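There are 2 protein chains.
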Amino acid sequence: MKRPEILEHIPAGFSVYVTSCGIKDNTLDLGVVYSEVPAAAAAMFTRNKVVGNPILLGKEHIANGMLQAIVVNSKNSNVATGKQGYMDSLEICKKTAKELSLKTKDVLPSSTGVIGRPLPVDKILAGLEGLSEKLKSGNSFQDFAAAIMTTDTFPKFGSRKIVNASLVGVAKGSGMIEPNMATMLSYFFTDAQISPKKLNEILKRVVEKTYNSLSIDSDTSTSDTVVIMANGKAGKVDEKEFESALYDLALELTRYLAFDAEGATKLFVVDVKGAASKKEAKKIAKSIINSPLVKTAIYQGDPNWGRIFMAVGKTDGVKVDPDKIQILWGNPPKEYSDLSELSSYLKQNEELLLTVKLSIGDGDWRVYGCDLTEEYVHINAFYTT
Amino acid sequence: MKRPEILEHIPAGFSVYVTSCGIKDNTLDLGVVYSEVPAAAAAMFTRNKVVGNPILLGKEHIANGMLQAIVVNSKNSNVATGKQGYMDSLEICKKTAKELSLKTKDVLPSSTGVIGRPLPVDKILAGLEGLSEKLKSGNSFQDFAAAIMTTDTFPKFGSRKIVNASLVGVAKGSGMIEPNMATMLSYFFTDAQISPKKLNEILKRVVEKTYNSLSIDSDTSTSDTVVIMANGKAGKVDEKEFESALYDLALELTRYLAFDAEGATKLFVVDVKGAASKKEAKKIAKSIINSPLVKTAIYQGDPNWGRIFMAVGKTDGVKVDPDKIQILWGNPPKEYSDLSELSSYLKQNEELLLTVKLSIGDGDWRVYGCDLTEEYVHINAFYTT
Numbered sequence: 034m035k036r037p038e039i040l041e042h043i044p045a046g047f048s049v050y051v052t053s054c055g056i057k058d059n060t061l062d063l064g065v066v067y068s069e070v071p072a073a074a075a076a077m078f079t080r081n082k083v084v085g086n087p088i089l090l091g092k093e094h095i096a097n098g099m100l101q102a103i104v105v106n107s108k109n110s111n112v113a114t115g116k117q118g119y120m121d122s123l124e125i126c127k128k129t130a131k132e133l134s135l136k137t138k139d140v141l142p143s144s145t146g147v148i149g150r151p152l153p154v155d156k157i158l159a160g161l162e163g164l165s166e167k168l169k170s171g172n173s174f175q176d177f178a179a180a181i182m183t184t185d186t187f188p189k190f191g192s193r194k195i196v197n198a199s200l201v202g203v204a205k206g207s208g209m210i211e212p213n214m215a216t217m218l219s220y221f222f223t224d225a226q227i228s229p230k231k232l233n234e235i236l237k238r239v240v241e242k243t244y245n246s247l248s249i250d251s252d253t254s255t256s257d258t259v260v261i262m263a264n265g266k267a268g269k270v271d272e273k274e275f276e277s278a279l280y281d282l283a284l285e286l287t288r289y290l291a292f293d294a295e296g297a298t299k300l301f302v303v304d305v306k307g308a309a310s311k312k313e314a315k316k317i318a319k320s321i322i323n324s325p326l327v328k329t330a331i332y333q334g335d336p337n338w339g340r341i342f343m344a345v346g347k348t349d350g351v352k353v354d355p356d357k358i359q360i361l362w363g364n365p366p367k368e369y370s371d372l373s374e375l376s377s378y379l380k381q382n383e384e385l386l387l388t389v390k391l392s393i394g395d396g397d398w399r400v401y402g403c404d405l406t407e408e409y410v411h412i413n414a415f416y417t418t
Numbered sequence: 034m035k036r037p038e039i040l041e042h043i044p045a046g047f048s049v050y051v052t053s054c055g056i057k058d059n060t061l062d063l064g065v066v067y068s069e070v071p072a073a074a075a076a077m078f079t080r081n082k083v084v085g086n087p088i089l090l091g092k093e094h095i096a097n098g099m100l101q102a103i104v105v106n107s108k109n110s111n112v113a114t115g116k117q118g119y120m121d122s123l124e125i126c127k128k129t130a131k132e133l134s135l136k137t138k139d140v141l142p143s144s145t146g147v148i149g150r151p152l153p154v155d156k157i158l159a160g161l162e163g164l165s166e167k168l169k170s171g172n173s174f175q176d177f178a179a180a181i182m183t184t185d186t187f188p189k190f191g192s193r194k195i196v197n198a199s200l201v202g203v204a205k206g207s208g209m210i211e212p213n214m215a216t217m218l219s220y221f222f223t224d225a226q227i228s229p230k231k232l233n234e235i236l237k238r239v240v241e242k243t244y245n246s247l248s249i250d251s252d253t254s255t256s257d258t259v260v261i262m263a264n265g266k267a268g269k270v271d272e273k274e275f276e277s278a279l280y281d282l283a284l285e286l287t288r289y290l291a292f293d294a295e296g297a298t299k300l301f302v303v304d305v306k307g308a309a310s311k312k313e314a315k316k317i318a319k320s321i322i323n324s325p326l327v328k329t330a331i332y333q334g335d336p337n338w339g340r341i342f343m344a345v346g347k348t349d350g351v352k353v354d355p356d357k358i359q360i361l362w363g364n365p366p367k368e369y370s371d372l373s374e375l376s377s378y379l380k381q382n383e384e385l386l387l388t389v390k391l392s393i394g395d396g397d398w399r400v401y402g403c404d405l406t407e408e409y410v411h412i413n414a415f416y417t418t
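Here the protein sequences come in this chain order: A and B.
To convert, take the position in the first sequence, counting from 1, and add 33; that gives the working numbering.
To convert, take the position in the second sequence, counting from 1, and add 33; that gives the working numbering.
None of these hints come from the bench; they were simulated from the model.
Note that this is a predicted model, so its numbers are computed, not measured.
Careful, some of the hints might be misleading.
Identical copies go unnamed one by one, so any copy, or any two together, can satisfy a pair.
Computed list of lysine to aspartate or glutamate pairs in EDC-like fashion (alpha-carbon distance at most 20 Å, straight line) [to be verified]: (1) K312 to D349; (2) K357 to E285; (3) K367 to D397; (4) K35 to E93; (5) K237 to D176; (6) K127 to E69; (7) K316 to D349; (8) K312 to D397; (9) K35 to E384; (10) K82 to D356; (11) K242 to E274; (12) K92 to D356; (13) K82 to E407; (14) K131 to E384; (15) K194 to E162; (16) K230 to E285; (17) K269 to D349; (18) K136 to D58.
All chains, please: the whole structure from these sequences, using the hints.
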């Protein structure tokens, strides 16, 4: 799969600063994006009932639909750190606001990394010292994408043009990923002019079909956050065109996330067609893409379609007729009666498309995931991540 | 963990035959248990919507609460094999009935193994030829436990005495295990005298707290079956005492299943206490025991308790107060503030007990599972199982 290389379309009026403030080691761990004017903003957060302190605070700060800066650290998620953790996130927002002459609530904080360790807030505050000047250093959105990585093996970013306006998106994450109404960390910046209300509606629709249709290991993070800021510098845009561009970009980032999943060797796309409803199609597709036995089978190209039957059948609360289930592979979808031919398809392709036809109704859904390898176990067993 | 060695208590009036009929190779693959008199019987089956043909037929045969023989093959599950598969299972029951002068519906069939391959029924029928004589060969319940194994590394069996009566249980299974109202394959035989109705009630209650509280990889098999036969040869027993013995034995087998799970190195027991209800406690406990990130962490003794927080919080539709969650380990449960001490506990014990206190209500539940290792991936990626 092609990795992102260049950012073609850069929205006007944003500046970026990244640094290593030494939270864990000397790799990049702190990033700030600042808009020179107040920006309409929308955000979605994890539905995990245990949420990070940055999310508790971020929900307050996004409430009025306006932001002017976001500040993100990696290497520590500030989750399960109690009241002190909340105060730490507030301190970071206050410092950022003071340095940039903003109100505290114009700053949205994010943290990602290990859970349950006190945030080394002094290191972060030191990293923000003189921020106004530092923002002139010319860091790029690519740098920002790199600064927020945890176990990611490459920075994830992309851009789109909507007539006069530009849209940039970045994302991080490669484990603890089954987004529920939001995703790992992902940020979009545009100079298009859109109201906070519209921005919120568009973001919800797009996330449902992209990040919320991604599952890497069925574990829903406590820090999932997606934020979009629209500073209006490029003027108005056609909202349909904007939504389409945002969807396209979010999908590209979703695919990067699946492909760069911990230990993954394959991008696995599952289409469920003809379920009783879209909701049921999504449930069945998620059951397949989260099944360890399906995920291990595709890893080494075992044409073990019985496991797909099993995963369809185990889905709770959906209508299925076992006699009507059809399993197809590839694009265009093809039924393989020859198992060794199917094995070759599975082994030779880095991206696999599975189509399961249920012939019950007209509910279709597509989800994104990956295979399960020894390396996933190794990464998560031998190091605290 | 101690493996089962001897069977102390053998119920009267049952005989066993096992053989290799060459379904896949020359290892044991066929087993029959026969009661010399008709036995009260109860059974529970998988709730997967895709079910094996033996289950479709078995449900018909158990309907009147009486059985006299069960016939089980390993190496092929006869699942997703269409109408022919159903006819094959029927043929096997007919042959067994004819050899033993029974009615066809007094025979319950089971099959376990690969999904979606035609059952080599002729080999099985040949194996059953002359069954009446073969049953005199003196095979044991241990032999039967061995004949029904798939990826199991040791046969699982146990026995109990209830005053005058004896109870034997066997079980198999080590992957595709998240029983839903039933389990992999498990059979109990007793010479106690109990009505089919009572037997059914007792079995349901026992299974709920044992097999239905076990999850190895969250994948619900299409063949899960648990059957009990009570032939009455030892006369009546106190039903409370019988239920207690059955629970005790089923729990022992459940623990064997968890410990012998594919690739597992640790038996992992999770107690959730103080949830809003028993049902919510079970949901949360299952969320923890199925979390790949929790399972990989305990594998190498990573004291990464943040992942347990995450798994509690991601559980759908339950009440949780993050500030009240307490995580304790060991027996008696102990809070570890020193992470290296916790790591030692995790590394040094083959059986781990995690207690999560929620302090919301009085719902408690205990579930059984195991760690997730590279070997699990290897077993399921490199061979068709």
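Hint-by-hint comparison with the structure:
{"no.": "1", "hint": "K312 to D349", "in the structure": "both (12 Å within a copy, 16 Å between copies)"}
{"no.": "2", "hint": "K357 to E285", "in the structure": "neither (33 Å within a copy, 40 Å between copies)"}
{"no.": "3", "hint": "K367 to D397", "in the structure": "within (18 Å within a copy, 49 Å between copies)"}
{"no.": "4", "hint": "K35 to E93", "in the structure": "neither (38 Å within a copy, 55 Å between copies)"}
{"no.": "5", "hint": "K237 to D176", "in the structure": "neither (27 Å within a copy, 59 Å between copies)"}
{"no.": "6", "hint": "K127 to E69", "in the structure": "within (18 Å within a copy, 82 Å between copies)"}
{"no.": "7", "hint": "K316 to D349", "in the structure": "both (8 Å within a copy, 14 Å between copies)"}
{"no.": "8", "hint": "K312 to D397", "in the structure": "within (8 Å within a copy, 32 Å between copies)"}
{"no.": "9", "hint": "K35 to E384", "in the structure": "within (11 Å within a copy, 45 Å between copies)"}
{"no.": "10", "hint": "K82 to D356", "in the structure": "between (39 Å within a copy, 11 Å between copies)"}
{"no.": "11", "hint": "K242 to E274", "in the structure": "within (17 Å within a copy, 55 Å between copies)"}
{"no.": "12", "hint": "K92 to D356", "in the structure": "between (48 Å within a copy, 19 Å between copies)"}
{"no.": "13", "hint": "K82 to E407", "in the structure": "neither (30 Å within a copy, 30 Å between copies)"}
{"no.": "14", "hint": "K131 to E384", "in the structure": "neither (47 Å within a copy, 53 Å between copies)"}
{"no.": "15", "hint": "K194 to E162", "in the structure": "neither (34 Å within a copy, 75 Å between copies)"}
{"no.": "16", "hint": "K230 to E285", "in the structure": "neither (25 Å within a copy, 58 Å between copies)"}
{"no.": "17", "hint": "K269 to D349", "in the structure": "neither (45 Å within a copy, 40 Å between copies)"}
{"no.": "18", "hint": "K136 to D58", "in the structure": "neither (31 Å within a copy, 74 Å between copies)"}
In this structure, the earlier hints numbered 2, 4, 5, 13, 14, 15, 16, 17, 18 are contradicted, and the remaining ones agree with it.
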